[in-house]
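Protein chains: 2
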Amino acid sequence: MNPNFRIKLVAMVLSMTVSLMSHAGEHPRLVMTQAGVEKIRSQLSTVPLFDATVKKVMAEVDAEIELGIDTPIPKDYSGGYTHERHKRNFLIIQKAGALYQILDDDKYANYVRDMLFQYEAMYTGLPLHPKTRSYARGKLFWQCLNDANWLVYVSQAYDAIYNYLSADERAALEDNLFRPFADHISIDSPQFFNRVHNHSTWGNAAVGMIGLVMGDDELVNRALYGIPFDELDATAKDDDGGYIFDKDGKAGFLANLEDPFSPDGYYTEGPYYQRYAMYPFLVFAQGLNNAKPELRIFEHRDGVLLKAVDALLNLSDADGDFFPLNDGQKGMSYHAGSIVSAVNIAYHMGGEDTRLLSIAAEQGRVLLDDAGMSVALAVRDGHARAFEKTSVNYLDGSDGKQGGVAVLRPGDSALELVFKYSSHGLSHGHYDKLSFSLFEDGDEILQDYGMARFVNIEQKGGGNYLKENTSWAKQTVAHNTLVQNETSHFGGKYEVGSLHHSDLYFFDDARPGVQVVSATESNAYPGTEMMRTMAIIKKSNFENPFVLDILNVLSDTEYQYDLPFHFMGHVMQANFEYESPASLEPLGNANGYQHLFVEGRGHPATDNAKLSWMEYDRFYTLTSTTQESDELLFTRLGANDPEFNLRRDPAFIIRRKGIGNTVFISAIESHGGYSPVSEIAINSSSLISSIEILRNDDRYTIVSIADVQGSSLLFFLARKDASSTSRHEVRIAGRPYMWTGPYNIVGLD
Amino acid sequence: MNPNFRIKLVAMVLSMTVSLMSHAGEHPRLVMTQAGVEKIRSQLSTVPLFDATVKKVMAEVDAEIELGIDTPIPKDYSGGYTHERHKRNFLIIQKAGALYQILDDDKYANYVRDMLFQYEAMYTGLPLHPKTRSYARGKLFWQCLNDANWLVYVSQAYDAIYNYLSADERAALEDNLFRPFADHISIDSPQFFNRVHNHSTWGNAAVGMIGLVMGDDELVNRALYGIPFDELDATAKDDDGGYIFDKDGKAGFLANLEDPFSPDGYYTEGPYYQRYAMYPFLVFAQGLNNAKPELRIFEHRDGVLLKAVDALLNLSDADGDFFPLNDGQKGMSYHAGSIVSAVNIAYHMGGEDTRLLSIAAEQGRVLLDDAGMSVALAVRDGHARAFEKTSVNYLDGSDGKQGGVAVLRPGDSALELVFKYSSHGLSHGHYDKLSFSLFEDGDEILQDYGMARFVNIEQKGGGNYLKENTSWAKQTVAHNTLVQNETSHFGGKYEVGSLHHSDLYFFDDARPGVQVVSATESNAYPGTEMMRTMAIIKKSNFENPFVLDILNVLSDTEYQYDLPFHFMGHVMQANFEYESPASLEPLGNANGYQHLFVEGRGHPATDNAKLSWMEYDRFYTLTSTTQESDELLFTRLGANDPEFNLRRDPAFIIRRKGIGNTVFISAIESHGGYSPVSEIAINSSSLISSIEILRNDDRYTIVSIADVQGSSLLFFLARKDASSTSRHEVRIAGRPYMWTGPYNIVGLD
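Read top to bottom, the protein sequences are chains F and Z. Per this note's numbering, residue 1 is the first one in the first sequence, and the count goes up by one each step. Per this note's numbering, residue 1 is the first one in the second sequence, and the count goes up by one each step.
Derived from the structure by calculation, the hints contain no laboratory data. A few of these clues could be false.
Here chain Z is said to cover these stretches of chain F; the calculated rule only asks that three of the stretch's residues, wherever they fall, bring their Cβ under 8 Å from a Cβ of chain Z [unchecked claim]:
1. 330-337
2. 512-524
3. 581-594
4. 597-603
5. 634-640
Quick caveat: nothing in here was measured; it's all calculated off a predicted structure. Ideal Cβ placement from N, Cα and C applies to all residues, glycine included.
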């Protein structure tokens with residue numbers, strides 16, 4: 001235990017105590033209830049989704065029962081045997097407990113009991129886990145986080161067989177296993193338990209859930225409000241570089257329901273970690289709602305837990321994969337077990353939103369509890385309706401005033417543009433203010449690299465964050481946003497970045513044919529103001545909507561600017577000359593640049609640079625306004641990466657030197673397609689013939705986009721007034737244009 | 001026309017003439033017959049596969065009719081407008097003709113007639129196509145090949161509306177369009193028409209099919225036997241570097257049915273070009289069978305055309321994609337239209353092999369003719385059975401004595417190992433004797449690069465072969481086979497390579513748990529004998545079968561050897577130290593080496609080098625015997641590739657210097673898997689603990705493969721006697737081992 005923290009268990013606890021409703025003898029009570037179990041047993045074999053899940057889970061649990069119980073002495077990091085075995089154990093006995101309740105078959109209760117007693121026999125006297133890397137070491141696992149995972153699941157298993165056990169058996173388990181286990185991850189580990197962080201949410205839920213099962217008010221209150229302490233080291237950090245203690249001294253489950261969630265339900269760490277945190281949030285909330293309905297936990301902050309489920313689902317692409325904002329492993333999707341839970345609990349506890357049923361049907365499995373039965377019955381009875389994802393704009397920060405994340409989704413198109421103008425996102429945040437990524441039909445077209453980590457793959461740094469996560473993935477140049485003087489936003493300093501956020505300028509998805517979001521950033525590079533405006537525009541003679549990207553930069557000082565486009569796919573054509581070096585050298589020395597090899601270096605041939613590529617048998621073209629002195633770079637990731645921890649992905653960078661005020665304007669088209677079977681290429685060429693900057697000053701940026709068919713589109717951006725009612729008038733080539741609001745578009749049809 | 005060829009149309013034609021059966025007035029007669037049309041009309045709307053195709057084709061043709069007819073003045077290469085428009089025209093009028101016969105709707109006949117007359121008006125006086133790149137220029141297209149494509153399809157359209165036209169209309173079309181068109185691609189272009197090559201097959205079929213429709217014996221005979229000529233330039237080559245004239249002076253459709261096909265139906269150019277050639281082979285054969293049944297074309301060479309369809313389907317992976325041997329575009333599959341034709345015609349004309357019906361059902365469409373109806377009816381009536389792909393060994397060469405291609409497919413596994421020991425494969429052949437590639441579940445694990453070409457994508461060199469096809473894709477180092485002194489097999493010379501082939505040593509797929517193929521090559525590097533033996537072995541304690549690869553090299557002279565493994569995926573781990581250069585330099589200067597950057601350079605730490613990678617969420621490990629002085633290289637494709645024509649794919653190369661006789665022994669395991677959704681890694685480590693060479697001399701190579709569970713497997717290879725009845729006895733560590741046949745395996749269970 002960190003000696004800085006002297007723990008005082010004082011009267012404060014008692015003052016916060018809320019009385020538990022009397023549920024003496026009523027078990028299960030967490031995710032299952034007596035009434036719920038009766039309903040499940042009466043409906044069994046008439047509910048396809050539930051029955052299929054029971055069948056699958058039975059096969060899985062029966063195979064483990066056959067294999068026998070193993071609770072090895074802890075020794076490995078994640079990916080290693082003891083870690084993976086204990087992880088599998090808690091997943092399996094939670095399921096075995098559910099099967100016992102559903103099927104009333106003692107085989108499952110015995111299995112749970114036997115495993116619990118094996119842990120009971122082992123836990124007393126078990127030292128801290130031998131691996132020392134964690135800021136908060138567990139006993140079964142190398143970090144308290146995983147011990148908390150264990151207890152969240154095991155408390156459900158215990159709840160399921162509570163009445164099957166004798167009073168003596170329960171006393172032995174509670175005295176020798178559960179209470180000391182809960183104490184270790186809370187009282188003994190305040191640096192883990194008392195944070196506002198997903199780690200602590202797991203810790204809180206674990207302690208609270210076992211408290212609910214044991215009927216232990218003190219544990220439940222500890223979970224809800226954290227543990228009191230009178231000293232904290234405000235500069236202490238965890239393994240990931242995140243601050244340990246909230247500056248306001250708030251802690252516990254309810255505190256974790258405050259800060260990380262915006263009023264919209266956006267979780268500040270981003271969807272990957274929200275996915276991870278949603279399970280303890282919702283499963284503990286479900287238990288609280290059953291055991292302590294007077295807390296009205298699902299109504300807390302105007303239903304933020306339910307809004308969070310909605311936000312999370314909306315932050316996924318067409319395949320259901322979460323957008324990899326900040327640290328996020330690509331491929332994680334709403335098919336994950338935690339989202340099955342989230343969707344089931346949100347449906348059951350949150351007013352039966354029938355859109356959730358279509359996600360549940362796609363997931364193809366349900367929870368084996370009251371919530372799962374509720375969902376399966378509704379799906380069976382045909383209540384599912386589509387979860388239609390449209391454009392959304394989620395504000396960040398507990399007050400909803402710390403920037404946000406917008407997703408533009410034009411109707412009738414598979415394009416999705418993700419625009420990030422949020423706060424830093426705690427320790428898993430990346431330095432990528434005003435960055436974007438683009439998806440089509442679930443495929444990445446312009447990517448956010450995601451994280452440099454192979455979660456749970458032991459060969460790759462024990463499955464933990466790799467050093468390239470810091471040296472590359474978090475750096476600004478790893479994202480589709482502006483880099484000044486080859487340095488990252490906020491100097492790549494978490495202490496600075498976490499103080500700031502970008503600001504929404506405006507968001508408008510109400511107009512047919514165009515959706516726009518615009519935001520500003522003034523702190524990433526002190527003294528430099530950035531405004532980025534991104535639109536998806538459906539012009540009638542274009543096959544697909546195209547993206548318009550206007551990045552304004554204002555500064556009194558001259559700098560070098562790099563604007564990277566992390567395109568995915570194979571280069572088809574460029575409209576400029578470039579040199580291909582015979583040997584590849586890194587582009588720079590630090591801030592991510594040391595990982596980029598230069599594959600080509602050129603200059604624009606005209607005032608527009610064009611690059612086309614093909615991916616997933618579709619064609620894409622980027623057209624960008626350029627200046628004669630701009631440098632155009634083709635880069636390839638992989639320099640200074642001796643362990644092959646990074647993918648060898650390409651990027652295209654527009655470099656502009658020695659400039660204060662400037663603007664980068666780009667259009668991104670998705671066009672045509674290719675079939676390697678028919679060998680026919682359709683619309684393989686860009687339709688845009690030129691992008692022209694008609695005006696760019698502190699009041700207006702006005703752009704003309706001409707196409708090869710001879711028509712033009714004008715986009716007007718008012719730089720100083722986002723009011724939707726302000727009236728503007730400008731003259732272009734002698735002709736007056738008038739409009740109301742922060743932008744205008746002319747020539748859509 | 002090439003002045004070297006003075007064409008004599010002599011009595012020889014007459015002597016070869018076979019009389020046409022009288023079909024005066026009977027139309028259609030090519031792919032449809034009067035009886036067939038009656039059957040189609042009577043069954044229509046009761047045959048789901050046929051009806052669905054009619055519906056889809058109607059929508060397509062109706063849209064084109066709506067759009068109007070355009071027959072632009074020829075000017076572009078493939079990918080350009082005029083090329084693609086004329087290509088679309090011939091595809092569409094063939095379909096319109098079929099719809100006319102099926103639906104008896106004059107709209108379609110009029111469309112065909114109007115388009116034909118637009119061509120008729122244009123063709124007279126049309127000069128050679130303005131693009132000059134082809135060795136045989138067409139008129140509508142830049143090469144005769146595409147003109148021949150046009151006529152193959154258009155002759156079907158003409159056949160379909162033959163009776164709809166007046167005698168005057170027919171005379172105009174035949175005199176002004178069809179006969180001069182047929183003459184241009186034959187008499188005027190002998191260098192195109194008289195070859196043994198897929199180009200000529202198209203030419204032969206085109207001339208023959210229009211001849212059949214017109215009832216013109218001379219054209220049909222020209223197609224079957226070629227055009228007589230008395231001078232030829234045996235050294236003349238085409239655009240791809242292939243010889244133009246067969247050394248025996250054979251020509252015409254029947255000659256093309258001889259040389260390129262082995263008795264097994266293997267087509268010497270490989271599956272990609274076989275796919276292309278199968279359509280003219282089969283559709284002309286179908287027409288011949290209808291019009292000249294006495295030729296018994298489908299019985300020719302013991303049914304080689306039908307065997308060829310079977311071979312082609314067997315040379316596809318689990319997704320139906322053809323193995324990219326020689327020049328082959330990846331992604332081409334049996335879903336291509338030409339294979340719909342091949343499968344339909346082979347079923348209809350070739351004894352109704354019901355395995356073909358499952359492929360047809362997967363294709364989801366049928367020909368709109370007699371064959372298609374035949375297939376659709378049989379599918380409807382439930383006659384389809386699975387086309388099960390098992391291990392196969394196809395011999396190459398018209399005599400079946402020029403090496404071959406084997407595919408090892410262990411039962412109960414998704415692995416497929418393709419081993420190439422064939423002849424050169426004409427002008428599209430690669431210099432990759434004894435190479436292999438490995439697939440799992442349709443994914444490439446160790447790849448054959450395929451070709452450097454983006455077929456029909458105009459931005460990429462007009463859609464034609466890129467220069468990197470020669471400088472990289474054809475070179476030996478681009479394949480998983482041995483390179484001596486950084487030179488390609490046969491010095492990369494087509495003139496030399498096309499004289500030789502590898503030889504089968506033995507093939508055995510009869511034994512449970514192990515399948516083996518072994519072949520030798522003595523000409524690729526004169527004075528050096530190579531023998532490669534590849535096995536897939538199912539050992540009971542392994543999750544999946546693993547590949548064993550024994551490559552013996554015998555030479556009196558010392559050389560440097562490189563053995564590349566073109567693994568696909570992300571490096572997980574290596575068991576040896578290597579240096580990662582700060583800047584990337586090409587590995588060599590020529591023969592493909594100029595395209596490889598060196599990403600890592602090391603030496604083995606033990607006598608086994610191990611490399612693990614992950615791809616498609618599965619783990620793979622290569623374990624290779626090494627010598628202390630071996631160099632181990634990580635390479636990345638992309639050096640000297642200014643146009644980004646090559647993929648940035650990785651390879652691992654074992655380099656052994658200054659050695660005469662040696663052996664490379666490797667095992668390749670597929671193990672475990674990873675889910676980014678559950679984030680669980682299963683069996684991420686190799687099971688093989690060591691590979692030991694117990695004996696390696698001119699009589700025997702004996703290998704021990706030990707696994708981490710402590711069991712061992714012995715593999716015995718008799719180097720000098722492939723007889724299945726020879727008895728062998730050796731002693732290992734004092735223990736005698738006896739067996740019969742060229743190999744033995746001990747310790748499978």
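- [ ] Count the residues of the stretch 597-603 of chain F whose CB lies closer than 8 Å to any CB of chain Z, then report whether that count reaches three.
- [x] It holds, with 3 qualifying residues against the three required.
Open item on the list: Verify this for me: three or more residues of the stretch 634-640 of chain F with a beta carbon less than 8 Å from a beta carbon of chain Z.
Closed with: With 5 residues close enough to chain Z, the hint holds.
Open item on the list: Three residues or more, CB to CB closer than 8 Å: is that satisfied between the stretch 512-524 of chain F and chain Z?
Closed with: violated (count 0)
- [ ] Establish whether the coverage given for the stretch 581-594 of chain F by chain Z is satisfied; the threshold is a Cβ-Cβ distance below 8 Å, and no fewer than three residues must meet it.
- [x] Three-residue rule met by the stretch 581-594 of chain F, so holds; n is 5.
TODO: Mind taking a look at whether chain Z covers the stretch 330-337 of chain F? Criterion is 3 or more residues with CB to CB distance under 8 Å.
DONE: It holds, with 7 qualifying residues against the three required.
Going through the hint list in order, the structure does not satisfy hint 2, though it satisfies all others.
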